[in-house]
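Protein sequences, first through last, are from chains E and Z. Under this note's numbering, think of the first position of the first sequence as 290, with each following residue one higher. Under this note's numbering, think of the first position of the second sequence as 6, with each following residue one higher.
Do not take every clue at face value.
To be verified - Rough simulated footprint, nothing fancy, chain E against chain Z, three-plus residues with beta-carbon under 8 Å:
(1) 11–20
(2) 33–41
Stated by the list, open to error - Once the Cα atoms are required to be at most 30 Å apart in a straight line, the calculated DSBU-like pairs of lysine-lysine come out as:
(3) Z:Lys46 to Z:Lys28
(4) E:Lys423 to E:Lys310
(5) Z:Lys18 to E:Lys394
(6) E:Lys300 to Z:Lys20
(7) E:Lys311 to E:Lys423
(8) E:Lys300 to Z:Lys28
(9) Z:Lys22 to E:Lys394
(10) E:Lys394 to Z:Lys20
Keep in mind that the hints were calculated from the coordinates and are not lab data. Glycine residues also receive a C-beta, built at the ideal position from the N, C-alpha and C atoms.
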Amino acid sequence: MKIAKENTMEKSNIENISRIKKISSRLRLACSAIFYLLPLVIISYWSFYNELPEGFKSGLVKQYLKDPLLPVVTRILCIAVDMIPGAIIMLSTRYLSGLFSLYEKTVFFSEENVAYIRKLGNIVILWSFMDILKQTLLILAITLNNPPGQRFLAIGIGTFQLSLLLIGYIIVLFARVMDEARVMNDEQQFIV
Amino acid sequence: MTIRINLDVMLAKRKMKSNELAKFIGITEQNLSILKTGKAKAIRISTLEMICRHLECQPGDILEYSEDE
């Protein structure tokens, strides 16, 4: 009876590990895809901004410009500004890829895992601040061609940035909890 | 102040090899080596029970407390 129960538990454990490996592999591929596609999306979005359907256009442009057509220089500036959080997202997908790659190798509680989660938390916190900076610089870039007196510089904090900040701190907390789990796991290896 | 593991002594007394004992008690040779070399941080009561059963000894024959390092 006991052996049968142990065998069932072992089988369920193997299935669970196999599921984790499969999902991690898919997520790693998705992260890699985002890493390469994101800059292309940002560049394409601003490059073809004037040709985009109304629904896809930036709310900021509509809010601050009477003429919805953006000149080339403005669009280049918008690409540069949008790449600030873009680069952060790309970096976070790198960290996530690394983490999922470890999960694929069934490494769950190593120092590397903890380091990736901690870096991810820190980058999400940085993302919240960089998003505020992005909004400010984007408004400036959009209105840069306006006549003097009609250029804008605005700083705004919204629920998105606050949510990112909160999520970042939660991830950093997870990293600390994971570090404790790592210590316990290391000790577990020396329990005979 | 340390707990000394006298598993080697008991194995020699019973003329048993480490791998045989590991197989009997259902742990890996690597884990038994961790125990023998004193690197183990803890030993499960069930493991101790199996060792004692197969080596026909008492826990005190395997674990020894000493004041010196």
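For each hint, the structure was consulted:
no.	hint	result
1	11–20	violated (count 0)
2	33–41	holds (count 4)
3	Z:Lys46 to Z:Lys28	21 Å, holds
4	E:Lys423 to E:Lys310	37 Å, violated
5	Z:Lys18 to E:Lys394	42 Å, violated
6	E:Lys300 to Z:Lys20	37 Å, violated
7	E:Lys311 to E:Lys423	36 Å, violated
8	E:Lys300 to Z:Lys28	22 Å, holds
9	Z:Lys22 to E:Lys394	34 Å, violated
10	E:Lys394 to Z:Lys20	40 Å, violated
Of the hints listed earlier, those the structure fails to meet are numbers 1, 4, 5, 6, 7, 9 and 10, in rising order.
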